Each structure stands twice: as C-alpha cells, then as structure tokens.
Amino acid sequence: MPAKTRYLNARVVRNEDERLLTGRARFVDDVDLPGMAHVAFVRSDYAHARITAIDASAARSRPGVFAVYTADDLGEYSQPAPLLVPPPPIEDLIFHPRTHLPLAREKVRYVGEPIAMIVAASRYIAEDAIRDVVVDADPLDPVVDLEAGLAPGAPLVHEDLESNAAAHVVQRKGDYAAARARADIVVTRRLLYDRGAAAAMENRAVVAQWDTQAEELTIWDTTQAPIPIRNGLAAKLGLLQSQVRVVAPFVGGGFGPKIMMFYPEELLVPWAAMRLRRPVKWTEDRQENFYATTQERGQVHDAEMALTRDGRILGVKDVFLFYTGAYDPYGLTIPINTQCTLLGPYDIEHYDSTFTAVFTNKPIVTPVRGAGRQHGVFVSERLLDIAARELGIDRVEIRKRNLLGPDRFPHNHGIMFQDSAPLIYDSGNYLPTLERAAEMIGYEQLVREQAARRAEGRHVGVGVACYVEGTGIGPYEGARVTVEPGGTVRVATGVGTQGQGHYTVFAQIVADVLGVDVRNVLVVTGDTREFQWGTGTFASRGAVVAGSACHAAALAVRAKIAALSAQLLNTQPEDIAVENGRAFVRDAPDRGFALGELALKANPLRGAVRPGTEPGLESTAYFGPDRGSTASGVHAMIVEVDPETAMVKIERYVVVHDCGAMINPMLVEGQIHGGVAHGIGNAFYEQLVYDEQGQLMNASFMDYLLPTATDVPPIETDHRETPSPFNPVGLKGVGEAGCIPTGAVFAQAVEDALRDLNVEILEIPMNPNSLFALIAGAGKP
Amino acid sequence: MIISVTVNGIGYQREVEPRLLLSDFLRHELGLTGTHVGCEHGVCGACTILFDAEPARSCIMLAVQANGHTLQTVEGLAPHDAALAPIQTAFRDTHALQCGFCTPGFLMTLTAFLRDNPSPTQPEIRDALSANLCRCTGYQHIVEAVTRACKDALP
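Just so you know, the sequences run in chain order A and B. Position in the first sequence counted from 1, then plus 175, gives you my numbering. Position in the second sequence counted from 1, then plus 1, gives you my numbering.
Derived from the structure by calculation, the hints contain no laboratory data. Keep in mind it's a predicted model, so treat the numbers as computed, not measured. Here a beta-carbon is modelled for each residue, glycine too, at the ideal position from N, C-alpha and C. Warning: the hint list may mix true and false statements.
[Stated by the list, open to error] DMTMM-like, lysine to aspartate or glutamate: derived pairs with alpha carbons at most 25 Å apart:
id, chain 1, residue 1, chain 2, residue 2
1, A, Lys824, A, Glu614
2, A, Lys348, A, Asp477
3, A, Lys282, A, Glu266
4, A, Lys348, A, Asp522
5, A, Lys824, B, Asp128
6, A, Lys776, A, Asp817
7, A, Lys824, B, Asp94
8, A, Lys411, A, Glu251
9, B, Lys152, A, Asp477
10, B, Lys152, A, Glu659
11, A, Lys824, A, Glu659
12, A, Lys824, B, Glu145
13, A, Lys824, A, Glu935
14, A, Lys411, A, Glu390
15, A, Lys776, A, Glu659
[As the list claims (entries may be wrong)] Stretches of chain B that chain A covers, calculated by requiring three or more beta carbons in the stretch to come under 8 Å of a beta carbon on chain A:
id, region
16, 40-49
17, 90-102
The task is simple: from the sequences and hints, build the whole structure.
Listed below in structure tokens is the structure:
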C-alpha cells in the first residue's frame, strides 16, 4: 500500500511560484542567443484577394536584413499544413479539409495571413523592412457572414469547392419527430453565441537554433504540444526525431490556441534557422495576436425543445452554423463539442442535431477554453428557461425534473464525442450540486423578495445554470519518475504547462506514493529531451491523463524501493514501509535506508546483480483512458441591471462543481475563478468585431475589453467529488469548466432582472449597447 | 546616444538607439527578462516597473527617457538569495498567480500601492489592480494576496 495520503486533496502552495515571482522563470521570448536574428512578417491587409506580384527587392537590400522569404522561396517546403484532428467516424459525415500554407501563394484568405518573412539583425530593422515589401493584390469580395457565405453565388473562399460549406454533420438518437408529436409544448428560438480571443497574456513566440556541429535543432516554442511539434517538424525538415528538441518552457497562458498545429511561424522559424545557420527568433506582438493566432467565434442555432406540460424534456432538435474561418486544420472538435455538450446533465432521449461548418474570410477558428461547449450549454439552458416561463414552472425545478439520476451511470448518450469515442458519462451526481448552488445563492429567498425589490425600482435577477464538461480524453500521456542519489525525486512528463500548476499537482501525486516531501519532487514538463512520448494539454486532460501516468510510474518506483530494501534487509517487500523519505522495515523502523542512499545501492559500480535487474530507482509508465471523464457543475449569479443605462452589476457569483477527486482544492478554485472571469468577459465585455470587408475593428486591448479586477466579482465556490471510475485517482478535468455556463447564467439572470419588460436574451455576448437596444425595443412588435 | 541608468541599485551605462523601447532595453540589453511585454500599447501592465519609485509602463517609454533615472524591476524585489518580499510571499501562499506572465507587473504596481496605502479597503485593492490584466486568476486570489500582505487591511 502507498504511504498514507498527505498531499492529495491538500491546499499545497506551488513549487513553481518562487521562480515566477522573482522573474527567474524562462519564457520563450527570454531566450537570447549569440548572433540571433529576428523575424517580422508581412501580412495580408485584405480579407480576400488574389496576389499578383510580390516585390521584396527593396527589403532585401535594406542594411541589416539577412533574408526575405516568400512562398516562391520555400520550394518544396511550401506544403499545406497537416490536418491536426481528423473528424470522428460519424456516418455520412462530410468534411473538406483545407489547410493553410506557411506563406500565402496566389491568394490570401484572411487579414493577417502571412505573405513574406523578413529576417534581420533586430526586430526593429525587420519591422522597418515590412514597408519595403510591395504586395500587388486584387481584392475579391470577402465572405464574412455564415448565412451569406452559404447563399448561392457567394464568393468562394476555396475555389476548388462548390460552396463555402466546410463540413456537414448529422447526429441523431431516438426519434425526435415522434417525440415532438407527443409534446405538450415546443419551444423554438434562434440563438446566437459568439466567443472571442483567447488573449493569453503572453503572445506566441518561437526561437530556433541549428547546431551545425552536433546537427541538432533546438526550438523553444510557446506551444501546448511540444512533442507533436517535434515529431511534425522532424518529418518536415527531413531530420530524425532525436535530432530535434522542442522546449515549451514556462508558457504565459494557453487557453487552446497555443495548440494549433502548425502555425506558419512554427514551420518557418526553424527552417530559416537551418538555412541561415544562425539562431532565429520571432515573437508575436499583440496586434498580430488578434489576427494570426487562432480564435473562437460564433454559431447560429435554430433550435427547438419539445416538452411535456410538467416540464419533462422529450427531445431537442438543433440546426446550427459554425464559423471555421479561412481554413479548418483543427477539424470538427468545436462543433462536435457543441453538439455533445448541449445534452448537458439532462435526460434527453430524442435528439436530432445537424451542423454546417462554413469557410469565411476570417482568421482560423480553433478551440478556446470551453471549445464550443458554451454554445451548446447556452442553447439548452436558454430553451429550458423559456419553457419554464411558458409552462409556469420554476427555473430550478424544471432542471431538477430533467437531471440524470445517480443510478444512470455510466450513461451512454448514443452519439460520438470529439475524441472519436461514444459520448459516455462516467459518473455524476447532479441533483445535490444543483440544490447546493441554489441554496448558496439564496435562490428561493431572492425569488420571494423580487417583487418587493421591483417595487423599490430595483431590477435584480438571479440565474442558475447547469453544465457538464467532457474532460481528460486520450489517447495517452506518460511520465518517468526517478529517485536521485541525493534523495530528490524527479518527474518528467511530456505535457507542457501554461499555468495549471503541473509542477505541484504531479509532485503531490508522486510525493504521496513515495512518502516524500512535495517540495522534494522536481517536475519537468514540456521538453522533448526529457520525455518524448505524449500529446499535449487540451480538453482539460493534463492532470487527469498525465497525472494518472505519474501515479502509475510512482507506484512502479515504489515497488522497486520495496523489492530492493527487502532484499538488502532480508525481509519481504510487503513488510517495507516507505515514508518520510525512507524505506524501512515496518516493525523495526531503525532498519532501513534513506531513499537517496537506496538509489545509490540500486546502481552499483562493482559486483554482480540478479538477472533482470534494472538499475536505479526509476520507472516510466503510461496512462491511456478508454474515454474521457465527465465533470459537471452549476453556476448561479445575482445581477442588478440599471434599465436606463443598461449597465449590469454582478452582485454575487456561486460555483458548485464536481471534478471528481481533487488533487489541490486551492488550484481547482484558481482554475474556476479564471474560467468564470473569462466567461464574464465572453458574456458582457469581449467581442471580435469585424466589418463587412472582414477587417477586425478592435485589435487592441484598448478596444477589445478583457475584464479587470473591478469587473469580476468575488466567486463563491463549493466542491463535490464524484470520483471517475476511469482512472486510478478518480480525477476529472477542471481547466475549462469555469467559463462554460457563464454566458447562459448571465443571460438568464439579466432576463430575470428585466422580467417586467419582457426582454428575451437570445444572444451572447451582450454589451450595454445591445442590452439598451433590447430594453428600448421591449414590448414593441 | 549613451544613457546612464540605475536599475535595482546597479548603475549601467549603455549606448542605445533613440527608438529603443525601455522594455526591450531592460529585457534584451540588460538581461532583466522578468519584466514581461504583453501588449506593447500600455494597457495590460505586464511591463510595469518602478521609475523613480512610481509605477510606469516600460513598453510605452523609450530607453533614452530613463537616462539619469532610477528604476526597479521584479528582479529587485528579492535580490540574490534574499527572502521574498511580503507581497511575493503572499502571492505564493494564496495562489495569486497561475501562468505567472502578468505577475511581475502586478507585483510592481502593488509595491508602490502598498507603500502609499498600507491599509487599503477591498474596493481600493480592486481599483488598484484594475490597471493590470490577468487572464488566469480572475483576480480573486490576487485580492486575497494583497489583503494578506497588509495585515491591517480592512476586511
């Protein structure tokens, strides 16, 4: 048995913080190498245009410019990027993969698409040279709207296709038409949900160094997936995987877009470093980040929910359009997440969901924290609210009547999830979570007092919304655990870290198994030289999948500790205790070794060892779940709306959530707080505003508003723990949950506050202007 | 031109291009990479330093403007092996940082804020923090850290 638990489910402070707090942590832009050249990109000013000529001669002759590359200069290297995520095996699925070139050739398809790469002695000179490059382009009519993009005669983003439809997917279960025929009420609405920029505080950056003597390429990259980047670049550049090292050091926030693969800059910077035989660095600036980093955008849903008169959902039908942007390298992850997550924690027997993905002349869409789950939750939660109002049923009550009971797990929804596995919920207990959230927010009391507040002229509203999140999906991750002779335990894993606290939570898992101080466990992540098997951080999977691998590797090391100690002490392994940094005979604690001492004994310099002996106290293990684990939760919010100014003040925000067994509740709360803040931004502050020419009108933090400390309220949290049966520690992911139901609960609360005006909120994000327009138009035909 | 500047108590003399940003000077000329650049237009606050003891955005200043001035960066809060400053310790103890990219800017803003207002109210803390952007934490644990750092902060 492992040593008694000391660190799991404990509020352990983070091992990585001291480096970050003192400015010693290395981020990619901190890498500074002798002779390093700097890159700037010439990017498209047009959303849609045909390139007729590029003249880079003036740039090439500017002093300090080492090279200027266009698509023609790339030769064979100019190939479309790979399809990162092939679509799941869904019957009759139509999908047209169209991926981007490193540098645009013949045609540009979004503002910001890279056209030429300038390499110079400094970033300042490289930027000077941008204006030396003359790009002749004939503008084409852009596709900027989903429905207009599908209209006959619309300009084509990809002219080899018959239309701008990038994909068409139908998933059904049960018989919705029959369910609808039996329904007492059918609620039908058009619902719009837009996302925005991930806006990690650190922009992207890539540094590459080709060592001509060792013939090794080292790349520092702000990626969420260092190992796939290493593997892909080795193939592209004709190198062995072992010749390429990708390091994702400290990464200043990921939130999804840092796993797009490959970004043009990721392909070009290493290529240029090899060609020029000098280190090359590119660091994105914030304006570029708004164009050149992927983002997540809107969906248009025409949805209906069929219910009985007592509020039981018989079925849902949903037809939606999804922006994929100019290219679709990330496949269909987002709309399939939407399709699946719409079902939420509810018992929905009949479901008929169809989506069409549409190419548009806007930046590429890939997952941003939540990855389409928000859109689905918004649709089902809003339809439930409207049904509750029309049926005269309380909003919390109608949810209670439809939740899956605790006896319904594992629950197979009968449709496919984004990981190409059936959508099966592993475990859950939804009703107590909902009841607790309603209790914490004081739902019943608020509803009772609402009339009185209204009489005082105050428009106060409450919202309560449920969600689930599919997390912790495969395929696998691995970890190597080593006891060093000094007694320090070293853990290496393939996932990178973007602030989640991996240096601490993995250490907690390993420290518990090996009975050592958590501060004595040194975690290394995101360096392919340290660990070269794995995929990356996405789908709230790092702690679940890599954490389970750390657990398995630590158990294997513990078995080696027990076996070697028993052999040296003439006893049986089961009689060995491993605690407080020592292995000893349980009944005779004086007989034993410090782990570091044992590590030395496990690596003898002379003498014979038994056959099959592996040296050292080290083990590598992998964990690959059959399918993900499903986290869940309920958010509740109280708002006060000033109908004259349409300003919304969030008075209270409650989150009760269930991410299975918790490794570190303090870090879980941190994840939730950050997610809620991101969700509040999505609900009322952030929106990427494009004009009819496909130009982004607010590509700066002056105009694209991230919520600040005065916009985000204190968030009250409570935890419930329904362990996942799909991994040994019972973990479920938590990274994205905070922002998934936020738009839905915000809409519900604001609508409730304005109940006497009969305002219906069918769109997120709102902002004071759009809410003002709704209030002004309320009650008018 | 040649500038003379004192950073974290050390005097430097360097020849710089007049257009060199102060943030680039600190990061790439002096190697003080703890000062981070998040937006290059003075909004996010990640590049905040103390300029003659007052918070300033180093991404919208030129290095030449620092000539003859005294600067402090995050590296100067706990020099060498000195113990962490109280605000740094409070950040660690309350989990007030996640990716840590914005953190140096927050620490510098708060160092000046707490010097001038050692007993802030919660709204004053939130107001002071609103000059810096963080995408990870939702600010709540940062508010807690400030509260903890000034023991006599009002509840």
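Do the hints match the structure? See the list:
Proposed proximity of A/Lys824 and A/Glu614 is supported: the alpha carbons are some 21 Å apart, at most 25 Å. Only pairs whose Cα atoms come within 25 Å are accepted, and A/Lys348 paired with A/Asp477 is accepted, the gap being roughly 18 Å. A C-alpha spacing of about 34 Å is found between A/Lys282 and A/Glu266, which places the hinted pair above 25 Å, so the restraint is violated. At roughly 12 Å between alpha-carbon atoms, A/Lys348 and A/Asp522 fall within 25 Å of each other, so this suggested pair holds.
For the hint pairing A/Lys824 with B/Asp128, the CA-to-CA distance comes to about 16 Å; that is within 25 Å, so the pair holds. Annotation: proposed proximity of A/Lys776 to A/Asp817 is violated, straight-line Cα distance about 72 Å (limit 25 Å). At most 25 Å may separate the alpha-carbon atoms for a hinted pair to count; A/Lys824 and B/Asp94 exceed this at roughly 30 Å. For the hint pairing A/Lys411 with A/Glu251, the CA-to-CA distance comes to about 10 Å; that is within 25 Å, so the pair holds.
Of the supplied pair hints, the one linking B/Lys152 and A/Asp477 is violated, its CA atoms being roughly 54 Å apart against a limit of 25 Å. A hinted pair counts as satisfied when its Cα atoms are at most 25 Å apart, and B/Lys152 with A/Glu659 does not qualify at roughly 41 Å. Restraint check: the Cα-Cα separation between A/Lys824 and A/Glu659 comes to about 54 Å, which exceeds 25 Å; the hinted pair is violated. Distance check on the hinted pair: A/Lys824 and B/Glu145 sit about 21 Å apart at the alpha-carbon level, within 25 Å; holds.
Simply put, A/Lys824 and A/Glu935 have alpha-carbon atoms about 18 Å apart, close enough for the 25 Å limit, and the pair holds. Proximity of A/Lys411 to A/Glu390 is assessed by CA-CA distance (about 16 Å); at most 25 Å being required, the pair is judged to hold. For the hint pairing A/Lys776 with A/Glu659, the CA-to-CA distance comes to about 11 Å; that is within 25 Å, so the pair holds. Requiring three or more residues with a Cβ within less than 8 Å of a Cβ of chain A, the coverage given for the region 40-49 of chain B holds, as 6 such residues are present.
Note: the region 90-102 of chain B has 9 residues with beta-carbon separation from chain A under 8 Å; the three-residue rule is met and the coverage holds.
In the structure shown, a violation is registered for the earlier hints numbered 3, 6, 7, 9, 10 and 11, in ascending order.
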